[in-house]
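Starting from the known structure of chain A, fit chains B and C onto it as the hints suggest.
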Amino acid sequence: MNNAKIAEILTRVRAQKPLLHHITNFVVMNDTANLTLHIGGLPVMAHAKEEMEEMTAIANCLILNPGTLDEEWVHSMNIAGKKANALGIPIVLDPVGAGATKYRTKVNTDFLQNLRIAALRGNQGEIAALAGAGGKVRGVESVEDVTGIESAAMRMAEKYGAVVAITGKRDIIASRDSLYFVDNGHERMASITGTGCMSTTMVGAFIAVEKDFALASAAALACFGLAGEIAARQAEGPASFRVALLDAVANLEPEMVLRNARVTKMK
Amino acid sequence: MNNAKIAEILTRVRAQKPLLHHITNFVVMNDTANLTLHIGGLPVMAHAKEEMEEMTAIANCLILNPGTLDEEWVHSMNIAGKKANALGIPIVLDPVGAGATKYRTKVNTDFLQNLRIAALRGNQGEIAALAGAGGKVRGVESVEDVTGIESAAMRMAEKYGAVVAITGKRDIIASRDSLYFVDNGHERMASITGTGCMSTTMVGAFIAVEKDFALASAAALACFGLAGEIAARQAEGPASFRVALLDAVANLEPEMVLRNARVTKMK
Amino acid sequence: MNNAKIAEILTRVRAQKPLLHHITNFVVMNDTANLTLHIGGLPVMAHAKEEMEEMTAIANCLILNPGTLDEEWVHSMNIAGKKANALGIPIVLDPVGAGATKYRTKVNTDFLQNLRIAALRGNQGEIAALAGAGGKVRGVESVEDVTGIESAAMRMAEKYGAVVAITGKRDIIASRDSLYFVDNGHERMASITGTGCMSTTMVGAFIAVEKDFALASAAALACFGLAGEIAARQAEGPASFRVALLDAVANLEPEMVLRNARVTKMK
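Protein chains in written order, with this note's numbering: chain A, 40 to 306; chain B, 40 to 306; chain C, 40 to 306.
Please keep in mind that the hints were generated in silico from the structure rather than gathered at the bench. The beta carbon of each residue, even a glycine, is placed where N, CA and C say it ideally should be. Check each hint, because a few of them may be wrong.
[Claimed, not checked] Dumping the calculated DMTMM-like pairs for lysine to aspartate or glutamate here, alpha-carbon to alpha-carbon at most 25 angstroms:
1. Lys88/C x Glu110/B
2. Lys122/B x Asp109/C
3. Lys175/C x Glu92/B
4. Lys121/C x Glu110/A
5. Lys175/B x Glu89/A
6. Lys304/A x Glu197/A
[Stated by the list, open to error] Stretches of chain C that chain A covers, calculated by requiring three or more beta carbons in the stretch to come under 8 angstroms of a beta carbon on chain A:
7. 76-86
8. 283-295
Bound-form chain A, shown alone (with noise of 0.2 angstroms):
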């Protein structure tokens, strides 16, 4: 597809600066934080009951990452979904490790049905296992690939009206009306714990600037893919990986973008 709409988005970020609200997990906070003045972005990381909806109507996005959850934070999440809802701010939620645990399949169904839910982000164990269609997670990991993972990705955008865009080897972006395939990305990516959840940043952050969900979440995935891809040719292993992934994507120019970028719209 046309790569001068995705740098155009980057470029848009860059000089937007959106408020991206995270409710996230104690793991990557620190690292979705990073990445989100990287990109371009603020972030903030809130859960106070007391602030929630004061917090979120400031945001240009809201970000829901139950990864550490517990009764305490999913309360939150609510309270901050649905004040997002009533002032039309973008929710995007990372079902972190859906299908492990009954738990965490119910707090993230519950989510999409009770929220209306901007894009979801996660890898195919957590998507199938949230569209009933298989996938194995073991922990917080996606450990095979799942056999029709691209029709559970539309049947959920369908039924939910929501972006669904899981990430893997080639990642998949599904709304009610277009499919997006990404192929930018590096294995090493899949080396270090987070890039799931940095994933979902960059979505929140380029969902933050374009109304179009699909074709941001596409943007975003294929600049964090790009962004890996140089990182890779410099890395020592995964640590230093992860420091020149964080590096290549504030380095990341829109010029990049319009020479690498591999999206290719389906539908």
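Frame of chain A; chains B and C shown alone:
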């Protein structure tokens, strides 16, 4: 001013290894724990009500950073703060995101009114919000220069008897009797999350060993800014800058401080 | 001793990809999740009461690390611990800061008395505190060598039927039947926060695949120490050392272990 004094305080931090009890936010906990070790102190991160008084009692400084606050954590901060006051252990407060929500403004104002704070370290927006002097905070970022921030700092220092340390392009350190400017630092420091929180930890380490809290704060910020300058020379992006910054803090020699600290005593 | 055995266990970790359920502290969660991946396992960090039993049931090892403990988290650790015991899933306990406050000493003693712990991994001060053998803990750091620490370890191992693994300049691993010394490692490992917690995760990964828990613990600490030695050669400070350490764990080859592990079986 006399850089020998600053170098001497740094040497004292390394010799005395102050224990810094942090009750701090989830985003930066790893960074501030590491920074504490690198500058020469010992970190402990603890928040359980059951051990608050006992843990605070063995510390040389208490650092309160309600960046990811909630009711329970604020409660623990109050217990620790009262104990610190009772024992004469200095408290450094980092009012993360004050001004962004009413709850954050209130929690931090309550700390200032109910506890004896040795040093308040924030950005321009946060301090202006607490001083009722305007300032704009988006999430946890100060987004514009505040007119009259210097006099706001001096008024706050007068009102609460605390050192008020504002970090930015030029750091401003005000107390009832003194005013310092620190011109060390590098713009890269704004490209990662947590440099504000880290500067608070630096202030805590220096205040733990030097009774002139304004001088200690100025010295801490000069050392941290200097580490930032050194790190910026070798960084290829924000994430490699962060690694280099922490290395530079650990490798900072009194001699470098002697030559390169840029602190001006105005009063 | 025979390094081939150590290399073989490492190979088994990589082949079996054990799932390590961590209930751990906020400071190191990212490091220990990454380390789990790098050594060849799968991490999951989860603490909600609602999913504790189910999450523990799918794990190959449970890691309890009450470094930033509070009542709720201790409660979840107990639920998970009982489930692990019921199913024969080994538990590794890291008694962070035991000895620093009465609460920490009590919580960890309760775990040892109420749960069947496969391995207890701590520093000299923490183990000495739990053994009632003196030792000085400031915050979470052991600040001096403890006289008679070896016999304290052996007494603890006898009393609780657990492997007691003490990391330090020389690592000591004691069980009812055996005693190992490990002389791999580098002083740089003490310059960053979390190496203790990381060594606990290493022990967990090895215990998950090898029923001789003392041998598994010695092998784990030899591999981690060796990674520290490799990393120290290229680090310019503690933060670049941390990156290099995680890279070195991921890049560790059985062949390096064959040549360079320094484990002595004393009994």
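Structure-based check of all given hints:
1. Restraint check for Lys88/C and Glu110/B: satisfied, since their Cα atoms lie roughly 20 angstroms apart, inside the 25 angstroms limit.
2. This hinted pair checks out: Lys122/B and Asp109/C have alpha carbons roughly 19 angstroms apart, not beyond 25 angstroms.
3. At roughly 19 angstroms between alpha-carbon atoms, Lys175/C and Glu92/B fall within 25 angstroms of each other, so this suggested pair holds.
4. Between Lys121/C and Glu110/A, the direct Cα distance comes to roughly 21 angstroms. Compliance with the 25 angstroms bound is thereby established for this hinted pair.
5. For the given pair, Lys175/B sits about 20 angstroms from Glu89/A by alpha-carbon distance, which is consistent with the 25 angstroms threshold.
6. Using a Cα cut-off of 25 angstroms, the hinted pair Lys304/A and Glu197/A holds, with the two alpha carbons roughly 18 angstroms apart.
7. Figure legend: the region 76-86 of chain C, annotated as covered by chain A; annotation consistent (8 residues with Cβ-Cβ distances under 8 angstroms, at least 3 required).
8. With 7 residues bearing a CB less than 8 angstroms from a CB of chain A, the region 283-295 of chain C meets the requirement of three and the coverage assertion stands.
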